[in-house]
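Trainee: Sequence:
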Amino acid sequence: MQKQAKILILEDDPYFVYPIRCHLEKAGYEITVMDIMKNLEASQEMIFQYSPNIILCDIKMQPTGFEILKVIKNHTQLRFIPFIFLTGVESLPDQVRAYLGGVDDFIIKPIEKDVLLAKITSILNRQANLESAIYLDALTQIYNRRFFEKELARQINLHRRHKDKFTLAMLDLDHFKSINDTFGHSLGDLALIGFTRFIQSQIRSTDIFSRWGGEEFVLIMERSDKLGAVKTLENILNNLLNEVLVRANDQDIKISFSAGVAQFPDDGTNYKELIDAADKATYRAKTSGRSQVKYAE
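When we follow our numbering, the leftmost residue of the sequence shown carries the number 1, and every step to the right adds one.
Source of the hints: derived by calculation from the structure; they are not laboratory data.
Remember, predicted model here, so these are calculated numbers, not experimental data.
Glycine included, C-beta positions come from ideal geometry on N, C-alpha and C.
Accuracy of the hints is not assured; some may be wrong.
In silico DSS-like links for lysine-lysine, alpha-carbon gap of 30 angstroms or less [stated by the list, open to error]:
#1 K150 - K109
#2 K163 - K119
#3 K165 - K286
Okay, the calculated beta carbon distance ranges per label pair [as the list claims (entries may be wrong)]:
#4 F198 - S132: 15 to 23 angstroms
#5 G228 - T182: 34 to 42 angstroms
#6 G88 - L139: 47 to 55 angstroms
#7 N180 - E297: 26 to 34 angstroms
#8 T182 - H75: 43 to 51 angstroms
#9 S288 - G228: 16 to 24 angstroms
#10 E243 - L124: 30 to 38 angstroms
Can you make the complete structure from the sequences, with help from the hints?
Mentor: Quick look at the structure:
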């Protein structure tokens, strides 16, 4: 689940940015510098696509840092990203205005690079703890439905912009209720944990695997067509059938799944259409005998 944290620097002075960028990259962060355009709406879209973990923004730009802050905090999915102002003037009215606008901290120029690094690390650690509470499933420790809904919206916008494809798969464990009924919910929980770990070992690091609810899971496969996704899932299913995820009373418990695959934009151009298409394909897989993968028709 751990990925390199992404820092977005909004600054129009390349000479000021360069040493900061080098310092933060040496600390292991992924840095992107953006000279904000006059069109704030277009800039907002670019920031959304990049999906940074933290934003550093100069105040005295055109548009101003305050205008950018307002746009970010008015965006449904950007407003929770930590936002730090970089400023050469420590003005009390500006600080009051910024904090009321939602800024997380100030860094006064000239920048003390170690202080900057310490503040960024501290804020990102707090943010990671918060996101773990909000976006991770308590049992399996993979992404939950709330995160998936946010990420699917981002993937739709990203692939629409690049005129590219991606696939959404829904995985429903077969006869899982019988495991709970026969062996108890504690063992059922262990089976769910084992299943998620196995799937994670089979997919790409760029794929987004989330728990949808109960014994249902969802998988976003970036830049993938549905025939390739079906083949990948069929290989995973075949591997899973030979895998013992948990044992009970000297009995091997094996799990299979039924899956449905939908492709953006062919099977849906928005959230609801894609979910409905994948759900219908999953239903066909279950009613056709289970333990198989179907694609949207």
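Trainee: Next, verify each hint and record whether it holds.
Mentor: How the hints compare with the structure:
1. K150 - K109: violated, 35 angstroms
2. K163 - K119: Not satisfied, since the Cα-Cα distance of roughly 38 angstroms exceeds 30 angstroms.
3. K165 - K286: holds, 26 angstroms
4. F198 - S132: 15 to 23 angstroms: At roughly 22 angstroms between Cβ atoms, S132 and F198 fall inside 15 to 23 angstroms, so the hint holds.
5. G228 - T182: 34 to 42 angstroms: Distance hint for G228, T182 holds at roughly 36 angstroms.
6. G88 - L139: 47 to 55 angstroms: With Cβ atoms ~49 angstroms apart, the hint holds.
7. N180 - E297: 26 to 34 angstroms: holds, 32 angstroms
8. T182 - H75: 43 to 51 angstroms: holds, 48 angstroms
9. S288 - G228: 16 to 24 angstroms: For S288 and G228 the Cβ distance comes to about 21 angstroms; the hint holds.
10. E243 - L124: 30 to 38 angstroms: holds, 36 angstroms
Hints 1, 2 from the earlier list are contradicted by this structure; the remaining hints agree with it.
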